[in-house]
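In order, the protein sequences belong to chains A and B. Quick note on numbering: this note's numbering labels position 47 of the first sequence as 47, and the sequence is numbered without any gaps. Quick note on numbering: this note's numbering labels position 186 of the second sequence as 186, and the sequence is numbered without any gaps.
Quick caveat, the hints were computed from the structure, so don't treat them as lab data. The structure displayed is predicted, hence computed values, not measured ones. Just so you know, even glycine gets a beta-carbon here, dropped at the ideal spot from N, CA and C. Hints may contain errors.
[Unchecked claim] Derived CB-CB ranges, DEER-like:
no., chain 1, residue 1, chain 2, residue 2, range
1, A, I28, B, Y173, 28 to 36 angstroms
2, A, A24, B, I169, 57 to 65 angstroms
3, B, W120, A, T82, 32 to 40 angstroms
4, A, G89, B, F177, 28 to 36 angstroms
5, B, R83, A, E73, 49 to 57 angstroms
6, B, F177, A, I28, 51 to 59 angstroms
7, B, R47, A, L32, 45 to 53 angstroms
[To be verified] Some chain A residues near chain B, calculated using beta-carbon distances under 8 angstroms:
no., residue
8, F35
9, G38
10, P169
[Said to hold, decoys possible] Computed list of chain B residues with no C-beta within reach of chain A, every gap over 12 angstroms:
no., residue
11, F40
12, D198
13, F202
14, R230
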Amino acid sequence: MIALLLRDIRLAVRAGGGFGLALAFFLIVTTLVPFGVGPQNATLALIAPGILWLGALLACLLSLDRIFATDFEDGSLDLLATAPIPLEGVVAIKALAHWLTTGLPLTLVAPFLGVLLNLPGPGYYWITLTLAFGTPALSMIGAFGAALTVGLKRGGLLMSILVLPLYVPTLIFGAETVRRGTEGLATGTPLALLGGITLGAVALLPFAAAAALRVNLR
Amino acid sequence: MSLWEYANPRRFMAVTDRWMPWVFGAAAFCLCTGLVWGFFFTPADFRQGESVKIIYLHVPAAMMAINAWAMMLVASLIWLIRRHHVSALAAKAAAPVGVTMTLIALATGAIWGQPIWGTWWVWDPRLTSFLILFLFYLGYIALWAAIEDPDTAADLTSVLCLVGSVFAILSRYAALFWNQGLHQGASLSMDAEENVSDVFYFPLLMSIAGFVLLFVALVLMRTRTEIRARRLYALSLRERMS
């Protein structure tokens, strides 16, 4: 399993797997927002947490297809399915690799992009914390969506239609925690619920994703 | 005599063939009675005036939008566990009916909200969760349409329906947490202290029964069409083989 994790990370980082692309996309989205809503610092400060969360979510979404698609095309997914480790484990490891190469870097650059959007002081702490809590759920839910659409020719657009509604609770609790934290309100409840969604997704969705993969490999 | 006998497509077709006129007739009767009674023979609300009468479309459509998804969930479970094809096809047949009910609820809600709340749309938890439910329906229908092999499509959409149900409920409570609403609370519950007045209650019940029967009739009809389409597909495959 560790070998599979290292292989996936190596593929993502080296073989033009779009490791930097998600970060570049995040930067571009953040850059475009002030052009859309105007450069007033007060407005930007108000919407900064939401924009950062949305940008991270979209960057995560766009890199989902590489979780299974390339392995499906060259046949290594069939080999992984017949390997001695259970397919659920393969899914979990692949989602973890996706998080390490997408969610974690996004979390780390989010505070720097917050500067561009005039994020208020306490927001830096909260945006990093909530993204660290929430992006594993985004990767895991995304792995489920990718498993559903892996056999389709043009699955990309369909996958975003399937995955984005599933992202709603994560986004609500993540952005709500940052908003409350920035305004100095209590954040315990939304943060706990965000963590709960992440833990629930990591515990249950590998089974759903593996079931979908088995159907697609039939 | 068990319920599972109707999982046999031939038996299902034979029985529903006899039921169809009755179900459609009952639906038409209940809908006409409920709506005519509601629209013309109930008094106007003292605060909302005549606009209250849209309740006879709004509430039943909203109830059926949720119940249709619940029915798809049960049908998907039956398909995943017992592999009855009729069940998978019934789930497929229910989705477009459900999405139409969701759309009716959203549209009548907007038309009702304009004079009463002064706005077509607010990000109220109920309105938001209905919009999200609409998106779930769209994804489910799109996945059915995208996959060619019928059994693969049935399997994948069933898994999506299970996961989607969990996330739809999560989204509902997340939206409740996220924003306070303008929408009133439940006023038809058995255990509520204060419900709508009986004058509005009985025609509304009639209208709800009409929508339920209409849903059953439409789903049965669409399932029959799906079964026939599946037979044609099998025939054309056999033709190509020989």
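Hint by hint, here is what the structure shows:
1. I28/A x Y173/B: 28 to 36 angstroms: With a Cβ separation near 34 angstroms, I28/A and Y173/B satisfy 28 to 36 angstroms, so the hint holds.
2. A24/A x I169/B: 57 to 65 angstroms: violated (36 angstroms)
3. W120/B x T82/A: 32 to 40 angstroms: Roughly 55 angstroms apart at Cβ, these two residues miss the hinted range, so it is violated.
4. G89/A x F177/B: 28 to 36 angstroms: Cβ of G89/A to Cβ of F177/B: about 34 angstroms, so the range 28 to 36 angstroms holds.
5. R83/B x E73/A: 49 to 57 angstroms: Because 30 angstroms falls outside the window, the suggested range is violated.
6. F177/B x I28/A: 51 to 59 angstroms: Distance hint for F177/B, I28/A is violated at roughly 32 angstroms.
7. R47/B x L32/A: 45 to 53 angstroms: holds (46 angstroms)
8. F35: Violated, because the Cβ-Cβ distance from F35/A to chain B comes to roughly 25 angstroms (cut-off 8 angstroms).
9. G38: violated (22 angstroms)
10. P169: Where the cut-off is 8 angstroms and the nearest Cβ of chain B is about 4 angstroms from P169/A, the hint holds.
11. F40: Holds, because the least Cβ-Cβ distance between F40/B and chain A comes to about 40 angstroms, which exceeds 12 angstroms.
12. D198: Answer for D198/B: holds, closest chain A Cβ roughly 39 angstroms.
13. F202: About 37 angstroms separates F202/B from the closest Cβ of chain A, which puts it past 12 angstroms; holds.
14. R230: holds (18 angstroms)
When each numbered hint is compared with the structure, violations occur for hints 2, 3, 5, 6, 8 and 9.
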